[in-house]
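Engineer: Sequence:
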Amino acid sequence: MKNLPKVSISGELLKWARKTRFGGDIEEASKKLKVTKEQIISWESQGTNMTAPEIRKLSKVYKRSETVFLLKTVPKSQEPPKFRRFLLEEAMLSKDTLMVMRKAQETQISTIDLLGEIDNILLNTLAPHKKDSDLLASKTIEALKINYELRFSSKNTKEQLQQWKRLLESNNVMVLEYSFPLTDARAFTIYNESIPVIILNSRDTDNGRAFSLFHEFGHLLLQQSELDVEMTLDYTKSIADELFCNQISANILVPSDLLKQKVLAGIIDESQVKDLAKKFKVSTSVIWRRLYDNKLISESQYNKVLSKLSTFEPYKIEKSKKKFGANKNTHLYKKIRNMGELAIGATLEAFNSNRISHYEVLSYLGIQSVALPRLQRILFT
26 MKNLPKVSIS GELLKWARKT RFGGDIEEAS KKLKVTKEQI ISWESQGTNM TAPEIRKLSK
86 VYKRSETVFL LKTVPKSQEP PKFRRFLLEE AMLSKDTLMV MRKAQETQIS TIDLLGEIDN
146 ILLNTLAPHK KDSDLLASKT IEALKINYEL RFSSKNTKEQ LQQWKRLLES NNVMVLEYSF
206 PLTDARAFTI YNESIPVIIL NSRDTDNGRA FSLFHEFGHL LLQQSELDVE MTLDYTKSIA
266 DELFCNQISA NILVPSDLLK QKVLAGIIDE SQVKDLAKKF KVSTSVIWRR LYDNKLISES
326 QYNKVLSKLS TFEPYKIEKS KKKFGANKNT HLYKKIRNMG ELAIGATLEA FNSNRISHYE
386 VLSYLGIQSV ALPRLQRILF T
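Read in order, the letters of the sequence shown correspond to residues 26 to 406 in the numbering used here.
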């Protein structure tokens with residue numbers, strides 16, 4: 026075991042691998058690798074030489090392929106997202122959130138490889154209207170063919186959210202759902218002109234995710250990769266683009282014409298607001314805001330309820346749901362939530378048309394061979 030050959034590892038690669046796994050936390054990386062922080066800093070500043078077993082350990086801790094560490098520079102396709110308001114390395118994000126970002130990027134890249142650099146008709150159609158949030162929301166409803174039945178036929182927000190997600194994915198906007206700390210983000214986007222991605226946080230409420238979905242879609246229309254921690258409907262606290270995306274989401278979810286149709290004559294009270302929220306499958310805070318936007322309540326009425334609405338907070342922490350016995354398809358439904366129907370559908374279609382091998386489809390999807398026919402049935406029947 027002595028005198029094993031060593032290969033040169035780039036300091037830039039080592040720093041990238043550590044930051045995209047542990048963020049700015051050198052301490053945890055040093056514990057996992059069983060080396061000092063000073064050693065890691067030295068590696069990253071000037072590079073180092075490592076044996077195959079050392080590279081294997083590095084690969085396991087940083088969750089990167091061993092071959093990646095043999096490259097001279099960070100692979101272009103695996104550079105971390107460049108968020109508009111801060112650099113990823115400056116954000117104090119948990120390793121869970123960083124891993125979700127990596128998985129989302131990998132899913133996006135694989136899907137683009139399978140579908141090619143296609144024209145995103147939806148984004149291109151809406152691009153000329155992106156200076157006017159009201160018009161853009163109206164054009165989005167028109168482009169997505171959101172009719173009365175689609176909006177009001179579902180039983181609850183959970184069902185409606187699934188419809189909204191499918192609607193966007195059928196137009197080549199990927200929608201993924203992962204669990205990560207809400208203190209890191211409620212949702213984020215990775216922009217691409219062909220196949221952009223929206224990532225929702227499954228720890229958020231159903232109402233929260235529905236609002237986040239179209240808020241993030243607004244960022245994609247502005248061609249932005251964005252990480253959103255808080256989405257307040259108190260517009261005095263919002264910066265311009267956040268306000269714009271809030272308005273798009275609120276207008277899509279609760280259009281003015283339909284709201285006015287549903288509002289009952291007389292004084293608008295909490296009971297009617299709750300009823301409207303249930304009909305539109307949004308939070309009461311969104312309804313109050315839309316009532317104010319449409320001059321159906323006064324500014325004093327709105328300000329009175331604003332301070333009382335818990336749903337104006339960044340998120341609501343819910344008690345963990347009890348886990349019951351899972352059936353053999355539970356992990357496949359989770360896989361669909363994580364990767365989205367667009368990505369999984371593209372992968373299965375590539376396999377069914379013999380464009381990728383049996384090994385490749387299992388590798389892309391991260392499943393065992395026995396689960397493949399079950400996944401096909403779930404998605405295509």
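Treat the hints as calculated values from the structure; they're not laboratory data.
Since the model is a prediction, treat every value here as computed from it, not as a measurement.
Do not rely on the hints blindly, as some may be mistaken.
[To be verified] With a straight-line Cα cutoff of 25 Å, these simulated SDA-like cross-link-like pairs (lysine to any residue) come out:
1) 287 <-> 176
2) 359 <-> 146
3) 128 <-> 359
4) 360 <-> 208
5) 183 <-> 194
6) 82 <-> 51
7) 170 <-> 280
8) 164 <-> 321
9) 97 <-> 67
10) 44 <-> 75
11) 101 <-> 33
12) 88 <-> 208
13) 303 <-> 175
14) 155 <-> 97
15) 287 <-> 158
16) 155 <-> 139
17) 304 <-> 88
18) 299 <-> 168
[Said to hold, decoys possible] Label-pair ranges, simulated between beta-carbon atoms:
19) 329 <-> 378: 58 to 64 Å
20) 328 <-> 172: 31 to 37 Å
21) 90 <-> 219: 22 to 28 Å
22) 103 <-> 377: 39 to 45 Å
23) 181 <-> 320: 41 to 47 Å
Even glycine gets a Cβ: it sits at the ideal position worked out from N, Cα and C.
Engineer: With reference to the structure, classify each hint as holding or not holding.
Structural biologist: Cross-check of the supplied hints:
{"no.": "1", "hint": "287 <-> 176", "in the structure": "holds (13 Å)"}
{"no.": "2", "hint": "359 <-> 146", "in the structure": "violated (29 Å)"}
{"no.": "3", "hint": "128 <-> 359", "in the structure": "holds (14 Å)"}
{"no.": "4", "hint": "360 <-> 208", "in the structure": "holds (24 Å)"}
{"no.": "5", "hint": "183 <-> 194", "in the structure": "holds (17 Å)"}
{"no.": "6", "hint": "82 <-> 51", "in the structure": "holds (16 Å)"}
{"no.": "7", "hint": "170 <-> 280", "in the structure": "holds (14 Å)"}
{"no.": "8", "hint": "164 <-> 321", "in the structure": "holds (24 Å)"}
{"no.": "9", "hint": "97 <-> 67", "in the structure": "holds (17 Å)"}
{"no.": "10", "hint": "44 <-> 75", "in the structure": "holds (20 Å)"}
{"no.": "11", "hint": "101 <-> 33", "in the structure": "holds (20 Å)"}
{"no.": "12", "hint": "88 <-> 208", "in the structure": "holds (24 Å)"}
{"no.": "13", "hint": "303 <-> 175", "in the structure": "holds (15 Å)"}
{"no.": "14", "hint": "155 <-> 97", "in the structure": "violated (41 Å)"}
{"no.": "15", "hint": "287 <-> 158", "in the structure": "holds (23 Å)"}
{"no.": "16", "hint": "155 <-> 139", "in the structure": "violated (29 Å)"}
{"no.": "17", "hint": "304 <-> 88", "in the structure": "violated (45 Å)"}
{"no.": "18", "hint": "299 <-> 168", "in the structure": "violated (29 Å)"}
{"no.": "19", "hint": "329 <-> 378: 58 to 64 Å", "in the structure": "holds (60 Å)"}
{"no.": "20", "hint": "328 <-> 172: 31 to 37 Å", "in the structure": "holds (35 Å)"}
{"no.": "21", "hint": "90 <-> 219: 22 to 28 Å", "in the structure": "holds (25 Å)"}
{"no.": "22", "hint": "103 <-> 377: 39 to 45 Å", "in the structure": "violated (28 Å)"}
{"no.": "23", "hint": "181 <-> 320: 41 to 47 Å", "in the structure": "violated (30 Å)"}
Hints 2, 14, 16, 17, 18, 22, 23, counting from the list given before, are not met by this structure.
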